[in-house]
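Undergrad: As a plain string of letters, each chain reads:
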Amino acid sequence: MTYLYVAYAATWAIHIAYLITVVRRYSRLKQEVEQMHKKKS
Amino acid sequence: MSAAPSGITLATLTKDLRLEWRSKDAINSMLFFALLVVVVFSFSFDPVAEESRQIAGGLVWVAFLFAAVVALNQTWARELRNQVLDAYRVSPAPANSLFLAKAMGNFLFVGVLEALMTPLFVVFYKLRVLGPAWQLLPVAILGTWAIVVNGTFFAAMSLRTRSREIMLPLLLFPITIPALLSMVEATTTILVGDPSTSAKFWIVLLATYDVVFTTGCLALFETVLHAE
Amino acid sequence: MKKAFPILGLLTAGLLSYALYEGLVVAPKEQTMGEVQRIFYYHVPSAWTAFLLFFINFLASVQYLVRRDPKTDKIANWVVITIGVLTCVAPYAIPSLVPAGARASSIATTGVALVGLYFLIKKFFSEQETDMLALTTAEVGVVFCTVVLVTGPLWARPVWGIWWTWDVRLTSTLVLWLIYVSYLVLRRFSSSGQTPVLAAALAVFGALDVPLVYFSIWFFRTQHPQPVIGGGGSIDPRMLHVLLINWLAFLCFAFLVCWSRYRLERMKREVEETQALEALLEPRSALR
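Residue numbers (the numbering used here), protein chains in the order written: chain A, 1 to 41; chain B, 1 to 228; chain C, 1 to 288.
If you're looking for bench data, these hints aren't it; they were derived computationally from the structure. Mixed in with the good hints, there may be bad ones.
Simulated coverage check for chain C against chain B, where a stretch passes if three residues somewhere in it have a Cβ under 8 Å from a Cβ of chain B [to be verified]: (1) 184 to 196; (2) 206 to 217; (3) 266 to 275.
Predicted model only: the values in this text are computed from it and were never measured. We put the CB at the ideal spot given by N, CA and C, even for glycine.
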């Protein structure tokens, strides 16, 4: 039975881990864009 | 250049072979590497004669695969060193001729390595072929071509990537899995010689793999060569 | 466009929760395997989603390659249409062509899906966008494929006592995963000028490989029989219902993840372009 819960938990762990990497890259990119704007103005 | 494509292929091939022959250190180091692979594998797996027939097929082909990868990296590296690749790209010669020449050169080179490694394996594993031994020839030819045709293509693709040497096996191994399975199973079937089994399906599958991927490589090589 | 995202997100979350409930509570308990069988409701939809994403990646890669030249583009259009027509007509006209275990309707559906998706991608994505689509679907596809490869053994272990078996579907999935991970590595390691073309070529090779992988393992299995994971045969209609709900939920989820990843990629490329332009226009300040 534990296998069932481990499997479901693992599924979501994998998806959430990927989403975290996407979000992190996104915020890093946003920071870069802001820095570029600051340099211009 | 109005030379026929086959003429260009032959010319490139002879040039490559001549270069290989002149730079004997490359050949010698490859031969020694091949010997080392056989010895190391033989130390790691020291089976009784009965078992050896079961696993020798797999071991032999994995050893060939590794030797082939080292050889493939070598042949393109030389082109890159002398910026020959750029010369090919601007020449009007069709890219396919270049590809075929390289693939055939690699095929001969890897074939020589295999021919030298095989007797060593037979000795170390006390191998005796129980099935139709002649079938080993088409398996060897088709199998080697399968590795070499895709290997040449991916080596060309890896040329301008970072970590070029690891890139080739990384790209080659997954795609070669069905061919590898066919080669290993065919060889094992022939070695074990069980009359109820036949290597024919594997040989046909290998031939199909070769046709499919040779066509694919020829179709896409021009695109890959000019990619940028 | 941006407002739709949170709304869709909430809807998807709701759908996923509903699907989870269905899978864990509503679906009937399996006779031989017990509760563990419910992993099936996550394992199978993830596999179908991964395959769909990889299929889109293949179509996008082909498009990227053919659209560089208007001639090949036209030829490709006709080839796709021909394949579509053939898959709709041939299985019904010549029933002997249909391999055992497949149905004429599934072949026809695949054909229609191929044609539909191909032309949809063509309409909505420009050449560069096709490349971004290929990258996105490959990445998200690998994520879903990883889920399949993790849930598979977790299901196999309690039911059949082994973590792994060289079963046709599981092994084919593993090889597909390996091919696409190598695809992602190639994208990361190659210089940005040629990446799209090289990656597209690799995707085409991967697609050519898949049927060969399937056949080679299928025959290997007939020579060396081993337990079949995932079972075959008919499925209880109530279970099918739950399965489809879960698939729908995961498809919506995959869509949202792809959309986010796509937006990230688009932003990244815009930033790179701007930086490249700035470096060109202000050489002296760049040197400072």
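Undergrad: Each hint: holds or not?
TA: Checked hints:
Taking a C-beta to C-beta cut-off of 8 Å, the stretch 184 to 196 of chain C contributes 7 residues in contact with chain B, enough for the three needed, and the coverage statement holds. A count of 8 residues in the stretch 206 to 217 of chain C with a Cβ less than 8 Å from any Cβ of chain B is obtained; the coverage claim is therefore met, three being the minimum. Look at the stretch 266 to 275 of chain C against chain B: 0 of its residues bring a Cβ nearer than 8 Å to a Cβ of that chain, fewer than three, so the hint is violated.
The structure shown violates just one earlier hint, number 3.
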